[in-house]
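Chemist: Residue numbers (the numbering used here), protein chains in the order written: chain A, 1 to 539; chain B, 1001 to 1280.
No lab work stands behind these hints: they were computed from the structure. Treat the hints with care, as some may be off.
Unchecked claim - DMTMM-like, lysine to aspartate or glutamate: derived pairs with alpha carbons at most 25 Å apart:
(1) A:451 <-> A:133
(2) B:1079 <-> A:123
(3) B:1079 <-> A:415
(4) A:451 <-> A:178
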Amino acid sequence: MIRFEQVSFTYDGAARPTLDRVDLAVHEGELCVVVGPTGSGKSTLLRAVNGLVPHFTGGRLTGDVTVDGRSTRDFPPRELADVVGMVGQNPAASFVTDSVEDELAYTMENLGLDPTVMRRRVEDTLDLLGLHELRDRPLDTLSGGQQQRVAIGAVLTASPRVLVLDEPTSALDPAAAEEVLASLTRLVHDLGLTVLLAEHRLERVLPFADAVVLVPGRGAPLVVGPAAEVMAESPVAPPLIELGRLAGWDPLPLSVRDARRLAGGLRLRLDGARPPASAPVTGARLASAASVSVHYGEVTALDRVSLAVGTGEIVAVMGRNGSGKSTLLAQLAGVRAPTSGTVRVDGADPAGLAPRDLVARVGLVPQDAGVLLYGESVGAECSAADRDTGLVPGTTATVLERVLPGMDPERHPRDLSEGQRLALALAVVLAPAPPLLLLDEPTRGLDYPGKARLVALLAELAADGHAVVMATHDVELVARVATRAVVLAEGEVVGDGPARDVVCHSPVFAPQVAKVLSPDPWLTVDEVRAALLGEPVRG
Amino acid sequence: MADRGRAVTAVRLRPRASLLLVVTSLVGIVGFCWPLLIQGGAATAQAHSSDAPWIFLAVLPLLLAVVLSELAEGSLDAKSIALLGILAACGAALRVPSPGVAGFEPVFFLLIPAGRVLGRGFGFVLGALTIVVSALITGGVGPWLPFQMFGAAWMGFGAGCLPPAKGRAELGMLAAYAAGAGILYGALLNLWFWPFGAGTATAFSYVPGAGLAHNLHRFFLFDLTTSLGFDIPRALTNALMVLVLGRPVLNALRRASRRASFGAPVEHVPVRLDGPAPAG
């Protein structure tokens, strides 16, 4: 269905080819997952499928890309629109119209279809993606996951035979991402669409993948094959795969269920070993909320929440969407005063502080880190942050170098990847050295190396005596770095304790390693590895 | 940002389109300036002063349509159409609250940076398009429309022809251009209705066949007394807007054009499957 023959591609003015003699065949009805580190050329590969590379981007393409027998040399992207549907990272960026139905019909209007056909296909698509209840809603009132489903639907109405998705969940929170991936797997199974999908939330899609394409980057050749084989050598892998590699399972398990069936031996080897008991962190009290309630009109966002955070703690605030996580962070950041109760950060009420005093005590990185960034370039952003907070010029740039070394100061903040944007926002927030750092969904859009860097940075900050409070759905992040977990539901605290105790036995919050090895309380692959190395391996 | 100060070409002018543009513009100039150029005695001039405006009125839109379609045929791709659409809509929106009140007409303020960044071909099309779109929105469709279109198209074209400059020099140059072009635009648009707009008996009326120098003098008086009071404040506000807001607008446009990689050459090289693959 999709065939790359000896395809090399070099961007205009680039010294090295981004794709180098790529051979790839994706067959009818396959779900093919593209994995690889950020910047390795995944997007270039995907955009070559419908000819955006090179027709839109410019550059030199050698070799031949054919889709359904049509070569992108002879067919420009517009003449492939009925065969290939393309969905990008940010659904809002692709919307043309204002409402769900209009957006679904827009593609077909461009293809000049008959109104009766359009009408029927809109209905079909609404049903297929479960969007019928949203049909008249304005697009900007939808959640991220709903928007992305509409974007997929808008592509499907042209009834393409190939669907190409470039990290469709990277701008979404985990719940929305699950929703989109669930819709996608349903499409693959029910319609038999050929799907080429770049994704970093691999744990959800690997069980369904017919083939995995590993793009190692730096001109190294692609690795193509069944998921279990390719993942064995992938530098980008979810914890489940890493655990499988550590235990030497063959074939590698792709789902928790498969892994659990293989895990008997590993549990025996670990028998008697305990994860290192982390001493509870007892730093000086830095911030507290005492019986804080927040009402938005009729809605109770927080209901008598009490929480104290000490230096050196990394507190994960968990709970479903709308449970009050972001509101709690907003209270600690002094964004607005609580309806009742008191908030103290470093001995002062954050809502009453002048901005310059506030940023020196507490820093908040919101869910969309980009909203903090309004400069023309990374360098301009850093110097503006120095100026705004009265710091010595160069401070923010130094912090940025520590958070993510080697960022080009000439880049525009909007042209950065999610991970780079987060790093820049973190640097801006961290520059005045606030003792309390608040993060809202910090791993959104981060690939595994990006998460690893974030984990290392947070641990370093906590060791320096900062306190970190993060609202997150990402259980793997919690497993690796949090010292304490707080669970919110309906605006109330329903769980508060050491992270291991809170997440390990919850079916919702348990990380993959815990699910595989329960009832033993292991959280991360690193713990298991340390335990295995620390004792002689038995039979 | 190595491309600061260098214009890209979002709409490429092929030889045929260039020729058409020149010819059309010449006809356009005649359409504006015929009262000054006409020779052959008072009788001929008198005879033509009633029909000439209408001939040009009919011919100019057709010519403009030819140029625009030629440009679209050759070099308007999806990217430039998208950018044209957005900028024309923005320009039209800028024009809605400002039907020339106190000379405030910010539409040129967008047109000039756009022509500067995206090239003269783009500037020409954008100028013509912005005026049409805003006329449709504001209900300002009338015999003056083709003349306004020409004026704005030339203004955008000219902005794309300015010499390379950077930083403050660039802003200063654009501001000066905005002021100068604004005044010229006002004068040109007076010119097209001057023959019948100013009557026949006043000191600044058009005198058919009275010679270039004489009529130019009269026209200058007409311009001075009727519209310079509006044109000069308009020129100044436009220059001021370019100075104050020009930098962010230029940066946004440059970033957009960089992202769209206008003018990056597309090469498609087939490989022989039996031969060795060419290196990169």
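Chemist: Compare the structure with each hint and give your call.
Modeler: These are the hints, each one checked on the structure:
1. A:451 <-> A:133: Violated, at roughly 36 Å.
2. B:1079 <-> A:123: At roughly 31 Å apart (the allowed maximum being 25 Å), residue 123 of chain A and residue 1079 of chain B break the hint.
3. B:1079 <-> A:415: 18 Å, holds
4. A:451 <-> A:178: With Cα atoms ~19 Å apart, residue 451 of chain A and residue 178 of chain A stay inside 25 Å; holds.
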